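Student: Residue-level listing of the chains:
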Amino acid sequence: MSSRKYARTACAAALAALSLGAQAQISGGSVKIGVLTDLSGTYSDLAGSGAVLATRMAIDDFIASEKPNFKIEMVSADHQNKADIASNKAREWIERENVDTVTELVTTSTALAVMKVAKEKDRVVIMNGPASTPITNEQCNDVSVHYTYDTYALANGTAKAVTTQGGKSWFFLTADYAFGHALEKDSSAVVLANGGKIVGSVRHPFPGSDFSSFLLKAQASGAQVIGLANAGADTTNAIKQAAEFGITPKQSLAGLLMFITDIHSLGLKPTQGMYLTEGFYWDRTDETRAWSKRFFEKQKKMPTMVQAGQYSSIYHYLRAVKAAGTDDTSKVMAMMKKTPINDFFAKNGQIRDDGRMVHDMYLVQVKKPADSKYPWDYYTIKATIPAAEAFQPLALSRCPLIKK
Amino acid sequence: MEIFGISTALLGSQLLVGLINGSFYAILSLGLAIIFGLLNIINFCHGAQYMMGAFVAWIALTRFGISYWVALIAAPLIVGLVGVLIERLMLRRLYKLDHLYGLLLTFGLALIFEGIFRDQFGISGESYEVPELLSGGVNLGFMFLPIYRGWVIIASLTVCFGTWYMIERTKLGAYLRAGTENSAMVQALGINVPLLITFTYGYGVALAAFAGVLAAPIFQVNPLMGSNLIIVVFAVVVIGGMGSIMGSILTGLGLGLIEGLTRVIYPEASSVVVFVIMVIVLLLRPAGLFGKS
Numbered sequence: 022m023s024s025r026k027y028a029r030t031a032c033a034a035a036l037a038a039l040s041l042g043a044q045a046q047i048s049g050g051s052v053k054i055g056v057l058t059d060l061s062g063t064y065s066d067l068a069g070s071g072a073v074l075a076t077r078m079a080i081d082d083f084i085a086s087e088k089p090n091f092k093i094e095m096v097s098a099d100h101q102n103k104a105d106i107a108s109n110k111a112r113e114w115i116e117r118e119n120v121d122t123v124t125e126l127v128t129t130s131t132a133l134a135v136m137k138v139a140k141e142k143d144r145v146v147i148m149n150g151p152a153s154t155p156i157t158n159e160q161c162n163d164v165s166v167h168y169t170y171d172t173y174a175l176a177n178g179t180a181k182a183v184t185t186q187g188g189k190s191w192f193f194l195t196a197d198y199a200f201g202h203a204l205e206k207d208s209s210a211v212v213l214a215n216g217g218k219i220v221g222s223v224r225h226p227f228p229g230s231d232f233s234s235f236l237l238k239a240q241a242s243g244a245q246v247i248g249l250a251n252a253g254a255d256t257t258n259a260i261k262q263a264a265e266f267g268i269t270p271k272q273s274l275a276g277l278l279m280f281i282t283d284i285h286s287l288g289l290k291p292t293q294g295m296y297l298t299e300g301f302y303w304d305r306t307d308e309t310r311a312w313s314k315r316f317f318e319k320q321k322k323m324p325t326m327v328q329a330g331q332y333s334s335i336y337h338y339l340r341a342v343k344a345a346g347t348d349d350t351s352k353v354m355a356m357m358k359k360t361p362i363n364d365f366f367a368k369n370g371q372i373r374d375d376g377r378m379v380h381d382m383y384l385v386q387v388k389k390p391a392d393s394k395y396p397w398d399y400y401t402i403k404a405t406i407p408a409a410e411a412f413q414p415l416a417l418s419r420c421p422l423i424k425k
Numbered sequence: 004m005e006i007f008g009i010s011t012a013l014l015g016s017q018l019l020v021g022l023i024n025g026s027f028y029a030i031l032s033l034g035l036a037i038i039f040g041l042l043n044i045i046n047f048c049h050g051a052q053y054m055m056g057a058f059v060a061w062i063a064l065t066r067f068g069i070s071y072w073v074a075l076i077a078a079p080l081i082v083g084l085v086g087v088l089i090e091r092l093m094l095r096r097l098y099k100l101d102h103l104y105g106l107l108l109t110f111g112l113a114l115i116f117e118g119i120f121r122d123q124f125g126i127s128g129e130s131y132e133v134p135e136l137l138s139g140g141v142n143l144g145f146m147f148l149p150i151y152r153g154w155v156i157i158a159s160l161t162v163c164f165g166t167w168y169m170i171e172r173t174k175l176g177a178y179l180r181a182g183t184e185n186s187a188m189v190q191a192l193g194i195n196v197p198l199l200i201t202f203t204y205g206y207g208v209a210l211a212a213f214a215g216v217l218a219a220p221i222f223q224v225n226p227l228m229g230s231n232l233i234i235v236v237f238a239v240v241v242i243g244g245m246g247s248i249m250g251s252i253l254t255g256l257g258l259g260l261i262e263g264l265t266r267v268i269y270p271e272a273s274s275v276v277v278f279v280i281m282v283i284v285l286l287l288r289p290a291g292l293f294g295k296s
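Residue numbers (our numbering), protein chains in the order written: chain A, 22 to 425; chain X, 4 to 296.
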């Protein structure tokens, strides 16, 4: 062997050893992301296959621009909005397939169940779809990130805006389960704090389809605002039937949890003028438009805030893995919390110790049909709610990780 | 004026809303009762067929500009034809087997249909506008009644009682009833019983699709709209007595009213009340209110 050839071989061997050394920090040789979401039920439009696509886009973009020296894999499954299915699947992924992070998790009950499994097995959980505040309060832990939004931020945006603009008396139409109750509670507090009053509420079975009885009660109450503390098909049906019974526009509706897919499905006629709180709107800046159009080409629908948040959170996670040089949960979590988030989704977003990612939220108003110029041109942004005001302050936190 | 601390205006409006929902229950349970009566098949796809009726109307309007009035006839025909195919190709093979097989087959078909529509149209649903002629509403003094809701009551009661008349009072109906009692004998008298059975299934399915078209302007048209409703409708059929025509119509209307009342008095129980009644009826009259034991 000539000395040159020897030197070349030695260099190659050394390089190989070096890259092996780097890879040894990544368990199983690759970073594996498990997207656990609703692929077939009520929430499959707002999260679902769009969230899987967003995750795939984040992985592909990350590989293309950051050239990581580790492999990235993705698996996905349908949790059917059932907590037991979600926790079993998460356990199987972690134990048998060496999944490093379980993500998305629309429906609070599935999120809470997977958070417990992940804590026990020391893996990362990144949540975008679920809404309830207990995730970062009573049930918080140090392996979880709640990224896109929560009921506090929604109430604080929509209920506050409507009340301060003169909608002082409220009647709540509430889905009769944990999420609906939480949303009603958070919203009532905001209404009262802003000088409004609650004149009544009615709890409807979940899922419902005919809301006319409940709407007639709301009508009889004489409230200026009917707060819809429900989601998905319950909300869209209630809005449609409120218009049918001539309740709107005499009384106004406040959709406390609505997504752009709901507006798209109802059309602008029954929804015009409604206020909503969103963590993301595709048509806000050049950056959001560029990303959303890429998403639209594949999904044929504009992204919801959950799907945009899914991309942003996974990209942030992968970047943290690269910076930390390991997929070790506590080191990655520390890196994720240390690094601010700056992308099309969030500016100076920050993950707090309770797991809450705080970022600006947007108060939007649904456009009149005549003002909508092109497909998916649905919102006017009325106000940007700064990160510090949008989410529950740490001083009010009920999370044991927060030292007071 | 108040009764039990509830204003009569509120009570009146809730009863009327209950009657509207009852009309949907009546027309859907009627279809199920007819199919069960003659075919001995528990048609679990009824909810999916109701959903398909609504979707056919929506597709007809948005893709082809076909109006509500045409869809009201065309959608039941199209979906009924799908029913005829299902009967000819699949159900026919199961008549000699236990009820369970028919139930499993139709349940599987329901999942397939819902899956196809979910894949094509997503889950959020589509909006179908109330037709021009029936938009707006009238003030009844105690409530604002959308004209369309009034139309739902009239249309479904007409179809329900028309169907009852056809089965109980016409020659075709007599063949049907005779076929249910003793099909071999009726066949021996020269009546084509298999054709009669195919027609009956197609008709039952068409009723579901008709209800779907009626529902399209009221509810978001979405792939799961039927599965939310079908369980209640099955309870209605059981309470009325499996296979009883008039029983299913009256029970449907009655339970709609009771559900409406529950919504005034204790809304949280409104989704359970039908099942509580079902338990009581099954304990006291296992054959149902109108069934022959």
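Mixed in with the good hints there might be a few duds.
Claimed, not checked - So the derived list for chain A, only partly shown, Cβ under 8 Å to chain X, looks like this:
{"#": "1", "residue": "Ser190"}
{"#": "2", "residue": "Asp283"}
{"#": "3", "residue": "Leu287"}
{"#": "4", "residue": "Tyr383"}
To be verified - Some chain A residues well away from chain X (every beta-carbon gap over 12 Å; in silico):
{"#": "5", "residue": "Gly69"}
{"#": "6", "residue": "Glu113"}
{"#": "7", "residue": "Asp197"}
{"#": "8", "residue": "Ile260"}
{"#": "9", "residue": "Ile268"}
{"#": "10", "residue": "Lys271"}
Just so you know, the hints here were simulated from the structure itself, not pulled from any lab data.
The structure presented is a predicted model; accordingly, all values stated were derived computationally and were not measured.
For each residue, glycine too, the CB sits at the ideal point set by N, CA and C.
Student: Take the hints in turn and mark each one as holding or not.
Tutor: Checked hints:
1. Ser190: 18 Å, violated
2. Asp283: Nearest chain X Cβ about 6 Å off; hint holds.
3. Leu287: At 6 Å from the nearest chain X Cβ, Leu287 of chain A passes the 8 Å test, so the hint holds.
4. Tyr383: This interface hint is violated because 21 Å lies over the 8 Å limit.
5. Gly69: Answer for Gly69 of chain A: violated, closest chain X Cβ roughly 8 Å.
6. Glu113: 24 Å, holds
7. Asp197: Violated: least Cβ distance 6 Å, not greater than 12 Å.
8. Ile260: It is violated; Ile260 of chain A is separated from chain X by about 9 Å at its closest Cβ, not greater than 12 Å.
9. Ile268: Contrary to the label, Ile268 of chain A does not stay out of reach of chain X, its closest Cβ about 8 Å off (not over 12 Å).
10. Lys271: 10 Å, violated
Going down the numbered hints, you'll see the structure goes against 1, 4, 5, 7, 8, 9, 10, while the others check out.
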